[in-house]
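Q: Listed below, chain by chain, are the residues.
4 protein chains.
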Amino acid sequence: MSTVAGILNDYETIRADQEAFYRDLHAHPELSHEEVRTADEVARRLKAWGFEVHVGVGGTGVVGILRNGDGATVLMRADMDALPIGEATGAAYASTVDAVMHACGHDVHVACLLGAARLLSSHRDAWQGTVVALFQPAEETGDGARGMLDDGLAGIIPKPDVALAQHVLPGAAGTVLTRPGPVLSSADSVRITVHGRGGHGSMPQKTVDPVVLAALIVVRLQTIVAREIAPTEPAVLTVGSIRAGSKSNIIPDEAVLELNLRTYTEQTRRHMLASIERIARGESLASGSPREPEIEVYDSFPLTENDGAVTARVAVAFAEHFGADSLPMELQTASEDFSDVPRALGVPYTYWSIGGTDPDAWAKAVRDGTVFSTIPANHSPLFLPVMQPTLETGTAALVVAAGAWLAPGSE
Amino acid sequence: MSTVAGILNDYETIRADQEAFYRDLHAHPELSHEEVRTADEVARRLKAWGFEVHVGVGGTGVVGILRNGDGATVLMRADMDALPIGEATGAAYASTVDAVMHACGHDVHVACLLGAARLLSSHRDAWQGTVVALFQPAEETGDGARGMLDDGLAGIIPKPDVALAQHVLPGAAGTVLTRPGPVLSSADSVRITVHGRGGHGSMPQKTVDPVVLAALIVVRLQTIVAREIAPTEPAVLTVGSIRAGSKSNIIPDEAVLELNLRTYTEQTRRHMLASIERIARGESLASGSPREPEIEVYDSFPLTENDGAVTARVAVAFAEHFGADSLPMELQTASEDFSDVPRALGVPYTYWSIGGTDPDAWAKAVRDGTVFSTIPANHSPLFLPVMQPTLETGTAALVVAAGAWLAPGSE
Amino acid sequence: MSTVAGILNDYETIRADQEAFYRDLHAHPELSHEEVRTADEVARRLKAWGFEVHVGVGGTGVVGILRNGDGATVLMRADMDALPIGEATGAAYASTVDAVMHACGHDVHVACLLGAARLLSSHRDAWQGTVVALFQPAEETGDGARGMLDDGLAGIIPKPDVALAQHVLPGAAGTVLTRPGPVLSSADSVRITVHGRGGHGSMPQKTVDPVVLAALIVVRLQTIVAREIAPTEPAVLTVGSIRAGSKSNIIPDEAVLELNLRTYTEQTRRHMLASIERIARGESLASGSPREPEIEVYDSFPLTENDGAVTARVAVAFAEHFGADSLPMELQTASEDFSDVPRALGVPYTYWSIGGTDPDAWAKAVRDGTVFSTIPANHSPLFLPVMQPTLETGTAALVVAAGAWLAPGSE
Amino acid sequence: MSTVAGILNDYETIRADQEAFYRDLHAHPELSHEEVRTADEVARRLKAWGFEVHVGVGGTGVVGILRNGDGATVLMRADMDALPIGEATGAAYASTVDAVMHACGHDVHVACLLGAARLLSSHRDAWQGTVVALFQPAEETGDGARGMLDDGLAGIIPKPDVALAQHVLPGAAGTVLTRPGPVLSSADSVRITVHGRGGHGSMPQKTVDPVVLAALIVVRLQTIVAREIAPTEPAVLTVGSIRAGSKSNIIPDEAVLELNLRTYTEQTRRHMLASIERIARGESLASGSPREPEIEVYDSFPLTENDGAVTARVAVAFAEHFGADSLPMELQTASEDFSDVPRALGVPYTYWSIGGTDPDAWAKAVRDGTVFSTIPANHSPLFLPVMQPTLETGTAALVVAAGAWLAPGSE
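Protein chains in written order, with the UniProt record's numbering: chain A, 1 to 411; chain B, 1 to 411; chain C, 1 to 411; chain D, 1 to 411.
So that you can see chain A by itself, here it is in the shape it has in the complex (with noise of 0.2 Å):
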């Protein structure tokens, strides 16, 4: 019986239809919620490979549960929306949606989970338990992940002893990467509509003035990273739109800011939520404001927290399969909705990063400092894993973790 690592001396044998499935998908990206043609294409190959096949679980989503034998049940997931953004990178299979790509890789990470789905089925020999690939819509909006527990995800699936992710982020290609503890942090939108009174520009004194109300709220709202969170604790407060007013002489009614928090501890949110508003309030009564502001929460992601025993498995894993390409990961100032299926379900979690740059691109950038301003990363037009070793090391990555909990003799 061959070992579980050992299932990956046969990558050889998908690497051909792997690539080609992905420079499909690339060239056909699907936005949040619509992710239909990349649905079927999963489903119609995890049901050749015999899994037990769900779709259209919150939508577009789709579970592949493959049974075989006693042992741990390892959830794995890939989410497969792309992003409103024109891709700009020249690739051959550069997408042919208009103002649509995967900017984000995610096609990277089906990919690589259909690769381990196929060579975990042909190699049911070399592990036992059971397999669950999780398939989600609707990342980037936030919602995906709760869409598919809202549609009786936990009915479908058996409890997992342990749910797995990846992504694959600005880094070494062939290279893995793991981090205990908060790895992403928790995201929030806050809208605060704050308000004046308004009038003729020419009569300031007849009016409440929204739009230096606004900028007053903007200035101290810096206060709240440099003055209230310990400084080795992280966390980010952005002021992304401001909007007021439309003409020079006229003093608006009105100013609108969406603000965005990042925090890796729920205490910190909390404190910097109640902080947005005690300064909202104070500063439009400062103004003499007479509407109290309205305060509104939205778009939360939630705090990605690797489990540690978990992480250090897969991490001792990794470092037997990868060696020195086993690498530890920085805290990540994005965010991500996987963690709300672990959590609902109350399952330990892990997710790691792969590099998606080309080794000699990156280790130059490295010796020059040159890392952001020449290396493209997510969410950029010119956005584009290389595709090898990228896929191999992603299929790698979760077979290996998976390996952890599945090899027999593992528990």
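Keep in mind that a hint or two might mislead.
[As the list claims (entries may be wrong)] One side of the interface only, derived from the structure: several residues of chain C facing chain D at Cβ under 10 Å:
#1 Gln222
#2 Phe372
#3 Ile375
[To be verified] Within a straight-line C-alpha distance of at most 25 Å, the following computed DSS-like cross-link-like pairs (lysine-lysine) qualify:
#4 A:Lys206 x B:Lys364
#5 C:Lys47 x C:Lys206
#6 A:Lys206 x A:Lys247
#7 D:Lys47 x D:Lys206
#8 B:Lys247 x B:Lys206
#9 B:Lys47 x B:Lys159
#10 A:Lys47 x A:Lys206
#11 D:Lys247 x C:Lys206
#12 B:Lys47 x A:Lys364
#13 B:Lys47 x A:Lys247
#14 D:Lys206 x D:Lys247
#15 C:Lys364 x D:Lys206
#16 C:Lys247 x D:Lys247
#17 C:Lys159 x C:Lys206
No lab work stands behind these hints, which were simulated from the structure alone. Glycine is no exception: its CB is placed at the ideal position from the N, C-alpha and C atoms.
Please build the complex by placing chains B, C and D on the supplied structure of chain A, with the hints as guidance.
A: What follows is chains B, C and D alone, placed relative to chain A:
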């Protein structure tokens, strides 16, 4: 031979016609530069009354000239355009045009100047000299007067000895108000575009945040009026609009501010424009902005500064005719382009106001301190002068003021 | 019988004495509430000239009363105190007292009022009625006039029909300047103490930073003049002092701001005081301050608002006597406590200014636009009125103004 | 031959003496650069125990050298100075000096290093190599370590292989805490003097207001931490002091800010210093300041960045000796000048902390979330480590750590 003031005893002969004309004009408002119907109605009447008429001056402007022997030349000006405001007065003769309204009272100005022209035409025995009746388009956009000048106004009319204009404002109908020296402010709009370097909201350290920069500029602009202008020198600086970004989690590349300033001397105007530029540059520097801000001045209105001698002469004539209804006018923070014409022609001028509010309502509002809360002002969708005695007063004011130059033996 | 104005022909008989007295007074300045020597010199002379003299009124105040038959009672006031400033004029009669100087010209006021008293005393045939010569201490500290009132002034003097005062200011010596209505601002100082919670500078998250709070209050206070007060209404708000903390790395517990405001109507004054409080409270709330701020108003000076009829009567008398040297006075942003007396007594008043600058130097500075850079103003260590025609003009102004009530047949 | 760790079994023989010495030292605190008595007590003991003793190094510094055959050279450092704080602990052995107190625990450091020196001296059979016991003055003022270096320290001692230091902090007594990499921040103070142009508070238009300028700088400085530093990079910028003006109605000529910053990389430190300068200059420009601001950096403390290998070696030794009482140390925002010595000598170093709080009180405070409100921290007038097991633990920690280099066969 009747006296000039005696002309006004004949007002009753034109009252009904003038009121009908006014109601029709109010019902058919036309936006700036589109005063075609209005101009036609005006030109037809002027011709009928014996004026030499020039049409299409500066687009839709109309000039009527009535020569009546030796003597002074008096230019009287009315503006013709309406505003993009939907009327809400409920008047029987309310606007029939969607979202267009004579909300600034220019229909009163036109009706009064036509009335004065008619009376002067039919009582040529009572005065001598030349009357120039100038019907100007596009006062609201600030370019109507300049348009007439650019179109050769100076070559069409004899050089005036004096230029006169009036405006209906909240105040007891029946009153006329004069003021020597500055009476309306100059006005300028300024667009400031400041540059940051955009990026993801979770990575502010890789960006230069133009939202924070714009907010700090708004805050600092308050110091110009508060600290740099003498307390006894009226000045206003309003930021009517601020716009930056469209999403909470994307730091945008730039922010745009639209400012409006009002001043009463050219020195203060230049000081404030220089301070605005200094602040925009200093704050951009303090933010580490990658590019100098762009600063564009637009929609400039000139200072209206009444000639001392001319105003005194009109005030004496008003006092004789209107008695206690001739009052001092307060300094206004509004702006006008009327003075462009006399300034270009090198002619002294005065600009007065007439009340348009029901006298009892006005007296009550003054008594109760509720003028600003109960009396609709110009540019309000509820602004509607009482027809009389407003039209009679505005007509008489023009005849009386002109008479100060045209009455036999007045020089 | 000579006319009142005719009295002034006799000025030459007192000129030398007055100048000697002035030089001596200038050389011996006394601080507020310490005007002992000055009061003695004044009282001795008044007695010699037949005045009923009251000394020690409100500390060092002196009141002289000269009754001269039926007629109006005219109160004239001069202030006596000097400033804690070291004289740098280099005058032959410069201050002999270290760091004390008549830098505000009160010595001129005293000398002129004494001169007028002497002339009126020696020409009792030329007028009838009662003269009250009031020499007030402690104008600079704002409490001298109230001190005299509190000490029973109303019971000592007959009720005046009018109260008069004057001040020497930069301007051509020989000129007198009047203004109806508000002429000097009211003034108030405000101390704001805001509370934070101190701590180590490296742990801001455990503190509430009062330095940031105080800075934001300073910034926001600029919006009162810039946005809340009508542009045509003069008003000033200065933060003259800010103090918080003593070490770079200790976040202090509190910060103290000292404000000064100048207004010309009681309504504006109350509005600004309310806005200051609203802002201090709103900003403290926005900072999460552990305690409400303390707000203390101190050093209040009243508004000096000249009576219209009284000022017109004085202006007519000045025009007759001084001709082209009688000028309109500009609104001043300085403050005075003179009006406390007539306000308490229910008496109409006027307050005028006289020029103290060499007329040629003044004309040149006006021509060159260098008034502010070359002419030392009151409170400068270089302030020194030219002795003549300043003393003669100030003396004449008092006699002429008083004469408008005291000349036979003037009522 | 006993093992190094075995030395510690003999601690009981020195306990009473050490405690008596500590009580005496606590009762006789000495300010920075004035540690005369302390140095005498230390030097006398070191000599008695066979050390080669150098006194007066860098003022009051003491160096003891104990050579014990071939082997590594280990430098151990204790700081000796107290703080200008009045003790409020009520301890029987409280400070006998007015307003001076060992409020930072340096007395613990001295007692423990002396204890370790004594034990190592009396058990020379258990180790080999050289021990350098360095008693440093003036840590609180940041110049004690540099003073010893400037006074020739390098020529007095053999070059160490490793340098060790420790600090007592709030935490359960009995615990020792280590951390590789940055452990204490670098610190810099910055004095900014900004220039306005003073004048009377009622005439702001003739001035440049430095109070408003300083306030706007304080406000804008908040954006450095909030926007310019990566969220995962700890950094602090505090404005501990702001001072301008002395009277409410005088606009002063200048304002002075005192800042303190804490950083954990030299790159961040340089970035922040550059940003401070950029902001001070940009805001001065925006205010129209007549002169560039002055910016002075003072009281700089170096970054304390523990060597990875050295810290790992100490942590392993601690784990063996202290078991579960060996814990990871959190990143501190405090600063120290200890690292000046090893940095100058080119020696790797580590700096650890020991707990000084009664373990039960600590456990309760952690449980209740009241650590910050109930446990007095360093620099508090209530700071008082429990004597034991603090002294024993600090003594043992030094012996154990040194033993990692000095135990036979340890290299």
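Q: Now tell me if each hint is right for this structure.
A: Hint-by-hint comparison with the structure:
1. Gln222: holds (7 Å)
2. Phe372: holds (6 Å)
3. Ile375: violated (13 Å)
4. A:Lys206 x B:Lys364: Between Lys206 of chain A and Lys364 of chain B the Cα gap is close to 20 Å, so the pair holds against 25 Å.
5. C:Lys47 x C:Lys206: violated (71 Å)
6. A:Lys206 x A:Lys247: holds (18 Å)
7. D:Lys47 x D:Lys206: violated (70 Å)
8. B:Lys247 x B:Lys206: holds (18 Å)
9. B:Lys47 x B:Lys159: Given that 25 Å is the threshold and the Cα spacing comes to 21 Å, the pair holds.
10. A:Lys47 x A:Lys206: Outside the cut-off at roughly 70 Å; violated.
11. D:Lys247 x C:Lys206: Violated, at about 32 Å.
12. B:Lys47 x A:Lys364: Roughly 84 Å separates the two Cα atoms, so the pair is violated.
13. B:Lys47 x A:Lys247: violated (40 Å)
14. D:Lys206 x D:Lys247: Answer holds: Lys206 of chain D to Lys247 of chain D is near 18 Å, not above 25 Å.
15. C:Lys364 x D:Lys206: Given that 25 Å is the threshold and the Cα spacing comes to 20 Å, the pair holds.
16. C:Lys247 x D:Lys247: holds (22 Å)
17. C:Lys159 x C:Lys206: violated (64 Å)
When each numbered hint is compared with the structure, violations occur for hints 3, 5, 7, 10, 11, 12, 13, 17.
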